[in-house]
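With the hints as a guide, dock the two chains, each given alone in a separate frame, to form the complex.
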Amino acid sequence: MIDVLIFFIGASLLLYVLLGGSDYGAGIIELLPAGRLREKQKHVINEAMGPVWEANHMWLILIVVILFMGFPVIFTTLMVALHLPMLALLLGIVVRGAAFTFRHYDAIQDAGSQRVYTWLFGLSSLWTAVWLGIIAASLNRGIIDPEAAGIWEAYVAPWWGPYPLAVGVFVACIFVFLAGIYLIAETTDEGLARRFRRVAAVANCLVIASGGLVFAASLGERESLPAAFLESPARWGTVVLATLLFVVLWASVARRRGWLTRVIAGGQVGLILAGWLLLYAPNAVTTAAGPLSFYEQAAPEATLRQLVLALLIGSAFIFPSLWFLLRVFKMGRPER
Amino acid sequence: MAFSLGFHIIFAAIGMTMPFFMSAAHWLYLKRGDEDCLRLTKMWMKGVAILFAVGAVSGTVLSFELGLLWPGFMRHAGAIFGMPFSWEGTAFFLEAVAIGLFLYGWGRMNRWVHWATGLVVGLSGFASGVFVVAANAWMNAPAGFDWVDGQAINVDPVAAMFNRAWLHQSLHMQLAALQAVGFAVGGIHAVLWLRGRAPGLNLKAFKIAMTFGAAAAIAQPFAGHFAGQRVAELQPAKLAAMEGHFVTGTRAPLYIGGIPDVESRTMRWGVPLPGLLSFVAHDDFDAEVIGLDRFPEEDWPPVVVVHVAFQIMVAIGTVMAALGVLFFLFWRKGRFPRWFLWLLGGAIPLGMIAIEAGWVVTEVGRQPWIIYGIMRTEDSVTPVPGMVYHFWLFLVLYVSLALTTVWLLRRQIMAAQDERGRSSGGGAS
Ligand code: HDD
Ligand code: HEM
Ligand code: HEM
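Going down the list, the sequences are from chains A and B.
For the first sequence, the positions run 1 to 336 when my numbering is used.
For the second sequence, the positions run 1001 to 1429 when my numbering is used.
Chain B on its own, in the form it takes in the complex (with noise of 0.2 Å):
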């Protein structure tokens, strides 16, 4: 499940972002007439229709998975927290229609109603992104029932779906998607015109791309700050661990880098700064931060993993702001020099690796629980044997897919980078 999801979660970042930069290529071609622009549509339009393809049907997976690695949870959970799932079932629904229309609709309809179907694709896309992380969220907060020997009653899936977790996690994970995709997409036409290759499309399609991806970027730390306050208050546990936090104290110390180490509770070769996380998680530089301590040991998550995994986050996260500003700066002065864009070149999998820390800082950071504080994970599981083989099983399907994507994606940026481009498929001319 873990590995379908990280394999997912990339395809569907992908998938909810690009059609976005589709559409407003689009758009930009509509109202300028600008050739380049509509290469650009059409060239990404096949990657979205590639993606699409791909997280449709490695999202059909999970949604059996639920059930065939969970039975124990689902069982439990499904009737409580399916309400965001029907509702992602809707959005894909119109999503997989507009995408239809969109393909295929070009000179089948009036024009701005084939560039609102492409828009259509990136709202719905979107709007599912958010449904998924509530269920997600609703993991780490669960809410709208009441749990009486091992029983759910009194069920409510609204409340359960708008849970105390819910918006910093939508807010966070759709900003990352955008400045992990901005950014993979722009620093790739970055590389392209820096080694000459079509510059005016490559420019556009850098500029374009960036946008999305640096206002996402600034915008993020902020959203990154939120969530870290929501977890404080949520579950301190994971902030501890996230910190590497283990006595209780007040005027806490924020770590920049540094293992903890477990056995003797402390910080090895961290850089502390003193009252900084009473200051993050609490607004106050004096105030008290719960640590590992107050819980007993069995109930601790992994604390090296997501500790290492938080760091990286930021640091990427940081990084990846200042590139947002650097971006904005020279786009105002009229010129990109040339270590900037090589720069951007060296980001290009920044964002992606982010948002897979980000996800081990989640779920593992909720470990041993499977619904934070209600059902430990060990009691969820499938009682099939042999889920070695499920695993080696769809690891195969997904390293091929995933190698089989690139493979195609590049050959797709080759061709449009090739004024003649040899004949690329159907349908769509």
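This is chain A alone, in the form it adopts within the complex (with noise of 0.2 Å):
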């Protein structure tokens, strides 16, 4: 059961990143200078992310809900430790997805309002996406402590400093370079494909340059990455070949194979993702006193029976929608 459970988390979470990530992405990509193709950018965006971003993000809804039927216990540790993260996600998820709608929806638009939603909708998939690395860092610092009496001890410590930052920016890296992929595909225009290109390209290198610093970064904590990744080579394998992978992707790119393109830079996140799991599974989080894991912390098993019985019936469901979903939309003839 807590197998299953494990494997509905880790796909949830890649699929949260790959679709709900690439949508934070394009908020960012419009924050940058855009020129003459701002307009042109924006409705391309708007019909790309339209039909799907609710729908992509469920997943993370989908994590929540496994994590606090299943593994109660873990659930709220991180609520407590991570609070002030935690808040600060939130408080950009509602930004994002108010100032999207509301831009789309707007039944008057006249320029000022909609510049307005658009700073806000890039201002906080930006300030999102940050927030997402910096909690995924916290995770197994090793540094939340439930039983820490001070304020800065128990609220402020496991997320601080320059590691889960690096982290962030990281996410955020690869987020734009997602979106700057899945964009390609959908226009027409010479000029905006071209621009996405280069916007995937440049991403490209931070994603490069940001892992460096990630690594540099974690030199000051606790345990530090290079040596945890050199243990095995599953965990140096994956950011390997993810990292040759790129070459492979470019020669996509230049052959405009849209399908192909975005499924290996999927699977270039998917493979680090993968990575990042690996150090730590089956912990979920390390708490000062040592890890929580999901086999111990594991809700009854009558429950966990249900909760698996919910995810396969929602699946079964879900998946078919899916489906079509992305038939009606992302099969078709790409926007002007």
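Calculated from the structure, these hints are not laboratory results.
Bear in mind the structure is a predicted one, so any value in this text is a computation, not a measurement.
Any given hint could be a false lead.
Said to hold, decoys possible - Examples of chain B residues toward chain A, derived with CB under 8 Å:
id, residue
1, V1061
2, S1063
3, W1087
4, T1090
5, F1092
6, F1093
7, L1101
8, G1346
9, P1349
10, L1401
11, A1402
12, T1404
13, R1411
14, A1415
What the hints assert, rightly or not - Okay, the calculated beta carbon distance ranges per label pair:
id, chain 1, residue 1, chain 2, residue 2, range
15, B, R1410, A, L32, 31 to 37 Å
16, A, L241, B, V1399, 45 to 51 Å
17, B, T1318, A, P291, 19 to 25 Å
18, A, L326, B, G1200, 37 to 43 Å
19, B, L1030, A, P146, 55 to 61 Å
20, A, T188, B, N1110, 24 to 30 Å
Just so it is clear, CB atoms sit at the ideal spot from N, CA and C, and this is done for glycine as well.
So, in structure tokens, the structure goes:
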């Protein structure tokens, strides 16, 4: 049962990063200067994200639900220790979703309010992406301490420092990279496609650079990443493979293979995620007192059984309808 | 939390009922080719899109807040009452997919398949409403576990979900959403019609929305009565607080209005109807109704708040049921008098007020317990200091969201009134 749940958490995380993440990336791209392509870019991003962003966002909710029903101790430990970054994340999620929808559905599309929506949408996308990274980085630093008395030790120290921040930046770069790659095939406008290619290329370099930054920043941590990665071939293998795939990726971009390119980029990000998960599995959180493992902190068997049942039955509805959604909106002709 | 929920419930109520109005208009268009109905469908569709997004983000906040604010509660309760939430998650997921298909699917698929995706939005929203209320009902009628030495053992999530309170609460809540939104939408279009704006469109909108609203309003007092009987059985302290019933006794009176005086344990300025409370609670004018005197005072909910909120809800429910009956009568006669339409214009906010009042009754009436009879609210609260900031942060956020949403919907309605309708958002055309 627990293995099935871990699988669902991992799969949801992957899909959230690949799908939801690229929606954040699109928001960040809109923050960058675009000159006269601005309006056209806005239109393409609206059309690309509009039908799917709410569904993409559901993966996060699924993770939260699995955690609080299946692993309540892990859930509450996190929510207490990372209260502040979680709040920041929520703030970003609310503003991002609202700004995107409002921009699209405002009945009177005057330039002033449109500019405000776009600006809010972009800024909150960046903000949320960085906080997602900070939270991810804080899980297993071993600083979370449920017994801590001081405000600093209990609520700030767990996520403070250069390392979480570096991971935050890294995550934002990954999201921009994904969005750039996905968007190339969403438009038939040559100029815009060129712009998305350029954004993806720059983001690609930034992903590598900020990845290096993450490794460097981790040297000040309790357990440094380079040491941890070198421990097993599966761990460093994923990172090396993800990096090598960049060559294949750009060959595919040059040949204009829309879907192939997307799949490769998704595979790269999936590999990075897998490498990260392999570092800690099966522990979800590492507190000062030791790791909290999924296996030891699970809810009673009867609850897990019901949860798995709900997820399986739910999947039987969700996957076909997601497939239908994709077929209707993503397999046809791209936008003007 | 209470504040986030108070906000979320309004949007959730609209979000789970508007799709039905939209589907009804859409169906009329597909059957009769009525252009007004097409415009209505698109107008309501944009409203649904906006509200769904706001409902989705405010709901995300809630799902985190459960852990952020009530870690003590969730640590014990998550495994027990999480089941409706996991089903709710599934329903939301379907809804999110369906809404994407409906909003952007015009001209991209078979018309009836497209219509069906709109209906799925409504059905899955409705289902999620039922599930989440079942979770709340569990806090009123905890079931599905044994509580031994401060630990839950023998957890049975199925029994927890189908607890003794889920049926009456869900039924009542879903009717409440339909009636509140039906009256609000119907009232707005009635006023617009009276002002002579796009008469064909507004009359049809009025009829569609009010059909749902009036039918639900007529059924609601029965559902409410059913709820009251269940409360009498499950949570006698709550019932006593609702009625300001201090002393246990037979032939208990029902009060119209009045303010309970906790010091002297009497009801001030209320009009007593002897025996009626006994009848309402137990179908028998002479039955004994347990009063607050059977409970130690530290286990009393805030009596005044609960009583006043309950009175507000019931008063509004009665008025709305009467308006609902009138609506069907006038429709059969084929003409709605102007005064009636103005009256409905005045009733626009009533349903929403009743929803908030009803939640105060259930939630405050359950105090000092967070899980009735098992865990006290003070034991469940987060240890994180500085919760006032949390409160203010979300207050500001939600108030600005609410204001923006209202402003947007206003622009939406105004644009639709205007036949030429300045260009509206892309995608849907
Ligand atoms: C449009 C809104 C609306 C209207 C007109 C009414 N109610 Fe209500 N009531 C609600 C909206 C509501 C609610 C917000 O939906 C509640 C809160 C929790 C719930 O399940 O429903 C509720 C709760 C609630 C409860 C508490 C249930 C519990 O704690 O388990 C009772 C006893 C009643 N109602 C009874 C009535 C009666 C006798 C009404 C007479 C007409 C009535 N309500 C009209
Ligand atoms: C949607 C409408 C709801 C509203 C307006 C609402 C409002 C409230 C109010 C007024 C209190 C009492 C605050 C006090 O007396 O100090 C409360 C308590 C609480 N409610 Fe609700 N509630 C709603 C539904 C729910 C649901 C569906 C859940 C969870 C499934 C929930 C969870 C809680 C919790 C955990 C408390 C803690 C007690 C407290 O706040 O003091 N509520 N809520
Ligand atoms: C009586 C109380 C509640 C009702 C009737 C209700 C109903 C709904 C509905 C109908 C939606 C869909 C939004 C829309 O269509 O506009 C929604 C959204 C949501 N609600 Fe609630 N809800 C309630 C309380 C809660 C609570 C306590 C939680 C926290 C666990 C919660 C979690 C969510 C989430 C996560 C979403 C977003 C899902 C999405 O993206 O569509 N809700 N709610």
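Structure-based check of each hint:
no., hint, verdict
1, V1061, "5 Å, holds"
2, S1063, "5 Å, holds"
3, W1087, "6 Å, holds"
4, T1090, "3 Å, holds"
5, F1092, "6 Å, holds"
6, F1093, "5 Å, holds"
7, L1101, "6 Å, holds"
8, G1346, "26 Å, violated"
9, P1349, "23 Å, violated"
10, L1401, "6 Å, holds"
11, A1402, "11 Å, violated"
12, T1404, "6 Å, holds"
13, R1411, "4 Å, holds"
14, A1415, "4 Å, holds"
15, B:R1410 <-> A:L32: 31 to 37 Å, "33 Å, holds"
16, A:L241 <-> B:V1399: 45 to 51 Å, "49 Å, holds"
17, B:T1318 <-> A:P291: 19 to 25 Å, "59 Å, violated"
18, A:L326 <-> B:G1200: 37 to 43 Å, "39 Å, holds"
19, B:L1030 <-> A:P146: 55 to 61 Å, "58 Å, holds"
20, A:T188 <-> B:N1110: 24 to 30 Å, "26 Å, holds"
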